[in-house]
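**Student:** If you want the building blocks of each chain, they are given just below.
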Amino acid sequence: MATLRTPPGASDTGPSQPPGPAAAGLPLAGGGGIAGARSLRRMGRAITANRKATVGVALLVLFIFVGLFPGLIAHDNPQAEIYPRSLGPSAQHWLGTTSFGQDMFAQVIWGTRPVLLIAFGVGILATVVAMLIGVAAAYLGGAADGTLNVITDVLLVIPLFPLLIIIGSYLHGAGTAVMIAVIAATSWSYTARQLRSQALSLRSRDFLNAAKVRGERRLYVICVEIIPTMTSLLVAAFLTNALYAVLFSSSLQFIGLGDPNVTSWGTMLYWAENNEAFQTGLPLWIIVPGLCIVALGAAFALLNYAFDEIGNPALRPVKSMRVTKAGAVTTPDRHRRLRVKRTG
Amino acid sequence: MSSAPGEEVLSTGPAGSTGTMLEVHDLSVEYLMERGKVLAVDRVSFDLAAGEFVGIVGESGCGKSTLLFAIAQLLVPPATITGGSVIFKGRNMVGLTDTELAAVRWKDLSVVMQSAMNALNPVKSIQAQFADAMRAHGVTSKAEIADRSAEVLQMVGIDPVHLKSYPHQLSGGMRQRSMIAMAMLFTPDLVIMDEPTSALDVVAQRSLMVQIKELQDKLGFAIIFVTHDMSLVRHFSDRLIVMYGGVVAEYGLTNEVFESPMHPYSIGLMEAFPSIRGPKVPLTGIPGSPPNLAIIPPGCRFAARCPKVMARCEAEPPGLYRVDGRLVRCFLHEGERVQP
Amino acid sequence: MRFVFRRLGFFLLTLWVALTLNFVLPRLMPGNPALAIIGKFRGGISPQAVKVLEAQFGVGTHQNVLAQYFSYLGNVATLRFGVSLTTQPGASVGRIILDAIPWTLGLVGVTTVLAFILGTGIGILAAWRRGGYLDSLMPPVFVIMTVIPYFWIGLVLILIFGVKLKLLPYFFSYTYTLTPGFNLAFIGNVAEHAILPAFTLLITTIGIWILTMRNTMITTLAEDYVRMARAKGLPAHRIMLDYAARNAILPNLTGFAMSLGFVVGGAILIEEVFNYQGVGYLLLQAVGNDDYPLMQALFLLITVAVLLAILLSDLATAILDPRTRAAG
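Residue numbers (the working numbering), protein chains in the order written: chain A, 1 to 344; chain B, 1 to 340; chain C, 1 to 328.
Isolated chain A, as found in the complex (with noise of 0.2 Å):
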C-alpha cells in the first residue's frame, strides 16, 4: 500500500502491528489483546492531555496515600476519648476535639481508609458482576439476554436506597464487608446495561469471527477478546460505581447504618448530627468530613468525565472561535470579510 511520506507516529492507521506476543513467540492473543494494550496506552496519553484528569488523579493518589499510611500523618488513636471536649482548631489539634474528646484530625484521617476500601471494594466487585451478566447477555443471545435483561431492568428500576435502608436496618448496623456486599449486590444494575451495549457492538466485529473459526470456545472469546476490548467502558464502571458507593455508604452511615466502632467518614457526620455540633460551635465536625466526601467523590466523577470527552470528541471544550448565536463559525482573525483576491 503506496503511502506518502509521513513521520514516525503521526498516524495510527498504519497496516502494520507493533511488535509484541507475535515477535516474542508467544501465541497471538488475537484482536482484542493487543487492542487492550494499545487503548491502556492511549488512556495514559490522554490522562496527562486532560486537565480534569489530572485533577481527578491527583486527588485520587492523596486519597490513596493517606487510606495507606495514616499512622505518618495523624498521631492520636481516632477512638481515644482523651482529650478535653468540644475544643476548637488550635496548634494540637488541628481542627479541634469532638464533644467525646477524641481528636478530629485523626479521625478525618485515620477515617479516610474505610472508605476507600468501600469505594475499591464495590468498584472491583460490581463492575465484575455487571461484566459478566452484561457481556454474557449479549454473547449468549436469545432467552439467557432477555432473562439478564429483564434482571437488570428489575434492579434499574426498584428504588436503591430504600432497599438498602431496609437491609441495613434489618442487619442492624453493617461493617464494612457487608456493606461492600450489600452495596455491590445492588448498584451492579446500571453499569451492566452499558457493558451489555458495548458487547452487542463487538459481536459481529472480525476478530471475533477468526477465533469462532480458529474454533476458540465461547468462554475463552469472551474472555480473552472481548473483555481487553471494553476496558475503557470498564474502567468508566469501575469509577461510577465507587463513586455510587462512597455516596451511598456515607448516607447509611449518617442515618446510622453503618458500624459505630469504624470511624469513617459517614460516621463522624453521625455522631457530629446526633450532639448538635453546628449548635455547639464545632461546625468543623461537619463540615470537614462532608469536603472529603466531596473532594473523593469528585476525585472519581473528574476522571469518569475526562473520560466521556475522551472517547467522544465533540463534548471537548471548543476553543478560539467566536461563534455566533446560532452556531456559525468565524475565526476571530483575520479571515471575517474576506474580500475577493485579485491575483495577477
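Read the hints as simulated data drawn from the structure, not as lab findings. Where a beta carbon is used, it is the ideal one built from N, C-alpha and C, also for glycine. One thing to keep in mind: the hints can contain errors.
[As the list claims (entries may be wrong)] Pair ranges (Cβ atoms, derived):
{"id": "1", "chain 1": "A", "residue 1": "V178", "chain 2": "C", "residue 2": "L73", "range": "27 to 35 Å"}
{"id": "2", "chain 1": "B", "residue 1": "P298", "chain 2": "C", "residue 2": "R325", "range": "53 to 61 Å"}
{"id": "3", "chain 1": "C", "residue 1": "V110", "chain 2": "B", "residue 2": "S198", "range": "48 to 56 Å"}
{"id": "4", "chain 1": "A", "residue 1": "N77", "chain 2": "C", "residue 2": "K164", "range": "31 to 39 Å"}
{"id": "5", "chain 1": "C", "residue 1": "G121", "chain 2": "A", "residue 2": "I124", "range": "33 to 41 Å"}
{"id": "6", "chain 1": "B", "residue 1": "A272", "chain 2": "A", "residue 2": "K212", "range": "30 to 38 Å"}
{"id": "7", "chain 1": "A", "residue 1": "L140", "chain 2": "C", "residue 2": "R325", "range": "27 to 35 Å"}
{"id": "8", "chain 1": "B", "residue 1": "K142", "chain 2": "A", "residue 2": "L140", "range": "51 to 59 Å"}
{"id": "9", "chain 1": "B", "residue 1": "V139", "chain 2": "C", "residue 2": "R325", "range": "26 to 34 Å"}
{"id": "10", "chain 1": "B", "residue 1": "H168", "chain 2": "C", "residue 2": "L167", "range": "50 to 58 Å"}
{"id": "11", "chain 1": "A", "residue 1": "I124", "chain 2": "B", "residue 2": "P307", "range": "52 to 60 Å"}
{"id": "12", "chain 1": "B", "residue 1": "H168", "chain 2": "C", "residue 2": "T78", "range": "44 to 52 Å"}
Given chain A, put chains B and C in place with the hints provided.
**Tutor:** Coordinates of chains B and C only, in the frame set by chain A:
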C-alpha cells in the same frame, strides 16, 4: 465577466445562459483539530451561470462535500473557511452571520442532503417542516402554505396525503423526493445537492435523476451536484469538476472530460467505469488510497498513485493550467498557468 | 398499544419483586428480627392486625412459608398493611402513611419538576452557546455538584442560613406550636419552612440534568436535520427548540425515570436533616424504632411512586416522539 489575468475561470456555459450567478474564488476550508489543522479544501475556484448543471466528482475524502457546505455557509466547527470568497448574486457570503444569510437561504439557494432519514426532523411531520420554512420567509397564510406544500409534492410525484406523515413512515425514495420537493418551495435560483441518490438503489437513482433534470428544465434553477458516481452526472451535467485531495484536478465541459480526460486521475476514473456497449476491456482501478490531508505533501497530491509520475511531481506541486478550454492540474499539460 | 402492555407487565413484575423482597428479607436474617418486636407488643394489637403481621413476617403462625406468602400477597392486594408497632403503636400503617404523603409530594414533587425544567433549560442554553469560558468552566462545576451528599449540603445550608444568619427556619415542616389549617398564615409558615429543604434538593439534583441535557444537545446539534434547519434560514430560537431540543430531550426523559431512585434517596436524607414530616422522615423513624410493618409498607409505596413516575415519562416520550407511537 471580467477577464483580468489570473482571475479568469472558465466562462463557457450552455447556450442561452445569462451571466454568472455564483463565483467561487480561491475557497479554502480547514478542520481545526487538536492535533493540528487539516486542509480539506485548497483554493478551489469555479463559477456557475443561471440554469447550469455542474457536477463535482471525486472519491471519499477528497473534500467535495466540505466544499459544498462551505459554499452554502453550513460548515460546523471544527471546519471553518480560512480563505477565499463565495459571491452569490453579487454578494460575498463568506463571513456573514446566519441572520444576514436568512434572507437568501431557501428563497434563492436551497440544499438537498444525502440521507433524507437524517436530514428530516424525525419528530415533525412533512407538512410541519415545509411550513416552518415558509413561515420563516414571511408566508403566514395557512391556505397558502397548504397549497404550496401540496403543489411541490405533486411536482415530485408524491400524493399530498403524505403531508401528514412523519419521515420514518415514508419509503427511502419518497423521503428523498420530499426533500427535493422541500427544496423547490420558493423556486430558488440555485440548488446544491450532496449525493442525493447515494442512499437509493440503482433503479430509484435513475428515476430520481430524471426527475431532477425535469424539474430543472421546467423551473430553470442551477444545480451543483456532488457525487462519487461519475456515471450519474455523465448525462445530466453541463460541466464537471474532478476533485482530488482537496484541490481541483480537472475542470471542463462534461462531454469533453469524459471523451478525452487529461489528468491521470480522471483517466483512471474513466477507465474504472466500463462502458456497457463497448468492447470488453480489463477493469483497472487506481491503486493506493487518498492522501492524509493533515500533512500536505511537497509535490503533487496524486504523485504516489500516478501511473505517469515524473521526478518533478514529487518535489513541486503543479499549478492549475488552462489547455484547450479545460483546466488541469498536471505537469503533463503545462499550459497557461491560471493558479499556482 | 403493545408498548403500553409490555411496560405495564414490566411494572407488575417489578412490584412483585419488591413484594417478594419484603417477604423474604426478614426471613433471611439470622434470627427473625420481627419475632422479638411482635412478641413485645402482641398485647396491644387487634387480632386481625396480628394475623396480617403473621403472614408478613412468619411469626407464630402454623402455616408453611408458601401459604404465608399467598396470605401476604392477598393482604397487600386488599391494602391491609398491618399496624405500626413502635412509631405509633396500634395505629394503622395506612393511616400514618397517608398523613405523611402530602408533605413529601409537595416538597419533593414540586422541587423535582422544577429541577428538571430548570436543569434542562440551562443545559440547552449551555450547549447552544458553545465556545465561551462558561462552556469549559461549567462542566467541572456541575460534576462536582453532583457528588455532594444531599444531607451534607442541607447541613451546611442550615449552618449558614439557619444558625449563623438566622434567616430561615430549618426544623420541622412548620412551627409546631401552630395548629394546621387552610389559612394564609399557616400556609405561609409552611412555605417558609420548605424553602431550605427545597433549595437543598434543587441544587443537588439540578446538576445532572444540566450535564446530560448539554451532552445530548451537543450530539443533536451535529445532526443533519439541524444543518438543514439552518439551510432553510430558520431563526435561531426555532432551530434550538423545535429541531435540537425536541430531539435531545428524548433520551433525557428515560434518564429522568432512571434517576428517580436517586431523587428518592435524596429526599429521604433531606427530610431527615430538616425533620420534615414526610414519607422519608417516617421511614427513618421506623428504621430507628424497628417498626418493620411501617418500613415495609413505605418501601412498597416508594416503589409504586417510582413506577408511576416512570410510566408518566414513558407517556411523555410517546407523545413527543412519533416513532415510539408507530413501534407499538
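**Student:** Are the hints correct? Go through all of them and say.
**Tutor:** Going down the list of hints, with the structure as the test:
1. A:V178 - C:L73: 27 to 35 Å: Holds, at about 29 Å.
2. B:P298 - C:R325: 53 to 61 Å: 58 Å, holds
3. C:V110 - B:S198: 48 to 56 Å: 51 Å, holds
4. A:N77 - C:K164: 31 to 39 Å: 33 Å, holds
5. C:G121 - A:I124: 33 to 41 Å: 39 Å, holds
6. B:A272 - A:K212: 30 to 38 Å: 35 Å, holds
7. A:L140 - C:R325: 27 to 35 Å: About 32 Å separates the Cβ atoms of L140 of chain A and R325 of chain C, which means 27 to 35 Å holds.
8. B:K142 - A:L140: 51 to 59 Å: 56 Å, holds
9. B:V139 - C:R325: 26 to 34 Å: Given about 30 Å between the Cβ atoms, the range holds.
10. B:H168 - C:L167: 50 to 58 Å: 54 Å, holds
11. A:I124 - B:P307: 52 to 60 Å: At 59 Å between Cβs, range holds.
12. B:H168 - C:T78: 44 to 52 Å: Holds: the Cβ-Cβ distance is about 46 Å, inside 44 to 52 Å.
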